[in-house]
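These are the residues of each chain, in order.
2 protein chains.
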Amino acid sequence: MVNSLRNIVLVGAGNVATHLGFALKNLGYQITQVYSRTKKSAIRLSSLLDTGYTTNINLLDNRADLYLFCLKDDGIMPVLCRASFTNQVLVHTSGTLPLSVFQGCSKNYAVLYPVQTFSRLKKLDLKGVPLCIEANNPDILATIETMAKEISGNVLFMDSDKRKILHLAAIFACNFPNHMYFLAEKILSESGLNFDLLKPLIMETASKILEIDPFSAQTGPAMREDQRIIEEHLRILKDLPDIQKLYTFVSDSISAYRGSPARRTNKNIPEKNE
Amino acid sequence: MVNSLRNIVLVGAGNVATHLGFALKNLGYQITQVYSRTKKSAIRLSSLLDTGYTTNINLLDNRADLYLFCLKDDGIMPVLCRASFTNQVLVHTSGTLPLSVFQGCSKNYAVLYPVQTFSRLKKLDLKGVPLCIEANNPDILATIETMAKEISGNVLFMDSDKRKILHLAAIFACNFPNHMYFLAEKILSESGLNFDLLKPLIMETASKILEIDPFSAQTGPAMREDQRIIEEHLRILKDLPDIQKLYTFVSDSISAYRGSPARRTNKNIPEKNE
Chain A
44 MVNSLRNIVL VGAGNVATHL GFALKNLGYQ ITQVYSRTKK SAIRLSSLLD TGYTTNINLL
104 DNRADLYLFC LKDDGIMPVL CRASFTNQVL VHTSGTLPLS VFQGCSKNYA VLYPVQTFSR
164 LKKLDLKGVP LCIEANNPDI LATIETMAKE ISGNVLFMDS DKRKILHLAA IFACNFPNHM
224 YFLAEKILSE SGLNFDLLKP LIMETASKIL EIDPFSAQTG PAMREDQRII EEHLRILKDL
284 PDIQKLYTFV SDSISAYRGS PARRTNKNIP EKNE
Chain B
44 MVNSLRNIVL VGAGNVATHL GFALKNLGYQ ITQVYSRTKK SAIRLSSLLD TGYTTNINLL
104 DNRADLYLFC LKDDGIMPVL CRASFTNQVL VHTSGTLPLS VFQGCSKNYA VLYPVQTFSR
164 LKKLDLKGVP LCIEANNPDI LATIETMAKE ISGNVLFMDS DKRKILHLAA IFACNFPNHM
224 YFLAEKILSE SGLNFDLLKP LIMETASKIL EIDPFSAQTG PAMREDQRII EEHLRILKDL
284 PDIQKLYTFV SDSISAYRGS PARRTNKNIP EKNE
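In order, the protein sequence lines correspond to chains A and B.
According to the working numbering, the stretch in the first sequence is residues 44 to 317, in order.
According to the working numbering, the stretch in the second sequence is residues 44 to 317, in order.
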């Protein structure tokens, strides 16, 4: 039985490893080693965390209590096959990989999936970030829960199937909105306008969600079914045909759900918007 | 020449009229009347602002200095045709209507377009909101600028053509991300998961934009070209074919720009994401 996990090897040196590594170090955990496939990343993170590193999976420190896998999903398998674990605790941070990916590799394994987007360049407070945990036995689950609760006040048990759904929804809540910001920036830059103009709008749109459900929060021509504006926008976008198509596609999707009878009962369609 | 505009009629009683009406009242402006096509809206806002109302355009208070039009775009024309103005200042708040919509209606007219999304149920501080102004003569422009600067510290001159582009970009920065939140909520609710799980992610995704450009901020399977995860997500969405199509469409758009040579020079593709 593992009661405490004080010595940790970070398997991966990307954005998640960086943010979790710092959080754990600040909580008094000992990061004993950083593994990365690329020397540059390994050196960068290990020097930031003031620890050793390796790019050779055979040289992984085998005395640690816990191995925290923060790799791209398709990077986990090759590492698992080459490293030899016995009863060390293996933990991955993936939204999509099942817990069972560790089966046969160790007697003790778990998942700690942070529902968050990580960029190395952007500081981040992990305290409110939902951490979804799962483990192959109750002892490990309790141990991981203790560690997770030190990192965040928002720890939940979630099985692999639900976690996968949550990860999919997170794509819609994060990557897709960010792509819309990117396209907005592109539209503005074509006309020499500054993206900063949209920053208060972006922040307000996100923070609305804390108070109002997304259906009630929606504004804009597609929600109002203002065909004149939609057609004018499509005309403006005629030289950016890919963005024009996306405008149509997303607007049609907004219109389709606007008319959904299931939602009409509590609709609150705004009279005027940005 | 108009030096000060202290008496204001609000033409419209929706979200924009509500937020601007409160801001102006708090600044010491006199809202003399609220006009709305619907009695319910007129009564609601006029009682909130403690002023008179009318639903009859012929009974519009003709002694005000300024008429602030906060209507749906296609609502402005009918109002203009029926009201008789001489040299009162007419101001609209639309992103897409040109300044010239007021031509022939009065000697003095202007635009004050707030780059923001307004919901009645969500409180909003207008101080940092970009206000784009334009007028048909320098005196009115100066007068509107004075008023706008009382409302917000972020006032810009912008002509009708650029304003229209900015409004289009605002759809991408606001309505489209909000629709993605709506779809995320829908995906979660199908599995009994709570939308609250995504709120820290949504806020972080938006606030990243204050520090990192949207291209560098992007994470996720489409950015990493992780085809295994994308296919798994499409499989999960097989019973929601409309959302499945949208997932493909937006992911393809992310992938297409990922490979854009113009952007590759300063790319910072994340190793791992939510």
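Because the hints were derived from the structure by calculation, they are not lab data.
All of these numbers come straight from a predicted model, not from anything done at the bench.
Honestly, I wouldn't trust all of these hints.
To be verified - Below, computed lysine-lysine pairings styled on PhoX-like, alpha-carbon distance capped at 25 Å:
| # | chain 1 | residue 1 | chain 2 | residue 2 |
| --- | --- | --- | --- | --- |
| 1 | B | 165 | A | 192 |
| 2 | A | 242 | B | 165 |
| 3 | A | 242 | B | 192 |
| 4 | B | 192 | B | 205 |
Status of each hint after checking the structure:
| no. | hint | result |
| --- | --- | --- |
| 1 | B/165 to A/192 | violated, 32 Å |
| 2 | A/242 to B/165 | holds, 18 Å |
| 3 | A/242 to B/192 | holds, 19 Å |
| 4 | B/192 to B/205 | holds, 20 Å |
Consistency note: the structure conflicts with earlier hint 1 alone.
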